[in-house]
Structures are given as structure tokens and as C-alpha cells.
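Colleague: For the sequence shown, counting from 1, position 137 maps to 137 in the working numbering; every step adds exactly one.
Hints were generated in silico from the structure; no laboratory data involved. You can trust all of the hints, since none of them are fake.
Cross-link-like lysine to aspartate or glutamate pairs, in silico, EDC-like; alpha carbons within 20 Å at most:
{"no.": "1", "residue 1": "K57", "residue 2": "E124"}
{"no.": "2", "residue 1": "K153", "residue 2": "E124"}
{"no.": "3", "residue 1": "K65", "residue 2": "E50"}
{"no.": "4", "residue 1": "K36", "residue 2": "D25"}
{"no.": "5", "residue 1": "K153", "residue 2": "E129"}
{"no.": "6", "residue 1": "K31", "residue 2": "D21"}
Distance ranges between label pairs, derived from CB positions:
{"no.": "7", "residue 1": "N101", "residue 2": "W62", "range": "34 to 44 Å"}
{"no.": "8", "residue 1": "K133", "residue 2": "I30", "range": "46 to 56 Å"}
{"no.": "9", "residue 1": "R20", "residue 2": "Q63", "range": "46 to 56 Å"}
{"no.": "10", "residue 1": "G61", "residue 2": "A186", "range": "34 to 44 Å"}
{"no.": "11", "residue 1": "V121", "residue 2": "D21", "range": "35 to 45 Å"}
{"no.": "12", "residue 1": "Y187", "residue 2": "S71", "range": "34 to 44 Å"}
{"no.": "13", "residue 1": "K65", "residue 2": "R132", "range": "33 to 43 Å"}
{"no.": "14", "residue 1": "R20", "residue 2": "K153", "range": "48 to 58 Å"}
{"no.": "15", "residue 1": "F24", "residue 2": "V127", "range": "44 to 54 Å"}
{"no.": "16", "residue 1": "K133", "residue 2": "V177", "range": "36 to 46 Å"}
{"no.": "17", "residue 1": "L78", "residue 2": "I157", "range": "17 to 27 Å"}
{"no.": "18", "residue 1": "F135", "residue 2": "D21", "range": "44 to 54 Å"}
Using N, Cα and C, we set each Cβ at its ideal position, and we do this for glycine too.
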Amino acid sequence: MTVALLTPFALSSLYLPLLRDNAFDLHQVIKGELYKQITGYTSLVLILFEMVLIARKRGRGWQIKLTIPGSIQLWRSLHILIGVTLVGTTLLHTIGATGLNFNAVFLWVFFGTTLSALVGVVAETGVLESPRKYFGWSLVKEGAEKSRSGISKGQLIRTLRSIWLTTHIILVSMFSVMLVFHIFLAYYYQ
Numbered sequence: 001m002t003v004a005l006l007t008p009f010a011l012s013s014l015y016l017p018l019l020r021d022n023a024f025d026l027h028q029v030i031k032g033e034l035y036k037q038i039t040g041y042t043s044l045v046l047i048l049f050e051m052v053l054i055a056r057k058r059g060r061g062w063q064i065k066l067t068i069p070g071s072i073q074l075w076r077s078l079h080i081l082i083g084v085t086l087v088g089t090t091l092l093h094t095i096g097a098t099g100l101n102f103n104a105v106f107l108w109v110f111f112g113t114t115l116s117a118l119v120g121v122v123a124e125t126g127v128l129e130s131p132r133k134y135f136g137w138s139l140v141k142e143g144a145e146k147s148r149s150g151i152s153k154g155q156l157i158r159t160l161r162s163i164w165l166t167t168h169i170i171l172v173s174m175f176s177v178m179l180v181f182h183i184f185l186a187y188y189y190q
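Assemble the whole structure, with the sequences as input and the hints as a guide.
Modeller: If you want it as C-alpha cells, here you go:
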């Protein structure tokens, strides 16, 4: 679903000129200030809700305790659902255009954040659903007994998670800072 939502960004150079030429009124509405504010604030609300989920997970050592009922699996699923919804609202906000200058870099950081999350979901799901208990080299016979070489399923998940999650957290941090600048620039240049 995420890939389907990202496809219009790759094809925007094809359909945006057609939209502008054949449906100018619609093009003016979706390029207008009210449309941008509605979709922008919708995205901002989703981002703020994501931050509450992050605070619930990462804020265990904080002095202020944030307790929200529900299991980790529920909140992880909700985090993924909100993330995919955020990709959709970003598509609506940008109309699939990749922007110029700061907005282009901002959008590419968002794409990187989305891609790192997608890699994490696919990698962990693939490993978890695999019937194999060990990954890597095949069984090695030593005399009459067999020994396994390679990496266990749990260790592989921890190793992959250390890579994609670190990348995801760095990109989310960059995205958050850039979001503040994006909002400032949007109102500064009005």
C-alpha cells in the first residue's frame, strides 16, 4: 500500500501538466492556500499523535510517566497505520509534486523515513514468518552429529533492527527539525 501511495511522486511530471491544462479550476483549488492548510494540519495532527506513541515507547526513563492502555503490538500496528496514512496525506498535500529547494530535500527525508520503516517491516516479517531457525550457512556434518552454523532468527532480527531502526530514528529526527522550518517558511512567505 505504501508503494502504491508513493507511485504518484514518481509520475508527477507526467500528470501535473495535464491536470493544469485540462482541469485548471481543480488545479487552482489543490494548489490553493486553504487546501494546503487543511492537508498540512491533518498531517501535523498525525505527526503529533506519532510523537505520543514514541513518547510512550521511548519515555520509560523520564520523570513524567506517560501511560496509555494497550499492548505494544497494538501500538506498533497503530504506528504503522498512522505512518501509511501520513504518506497518503503527504501525497494529498503535495499533489505528488516533489517540490523545489528546501521542500524537495524535506520530501526526500520523508521518503527516507518511509523507506527505512518499510525495510524494517518487510525484513522483520520475512524473518519471523520463515520456518528456518538459523540463517546463513547450511548444516555442517561433524562426524555423526550435526552442528548448525549461521545466525539464529532472534539474533538476525536484533541485528537488522539495530540497522534500520537507527536509520529510522535519525531520519525522523531530521524530519522533525525540517518540519518546524517548513511550517515557518510556509507562513513567512505568505
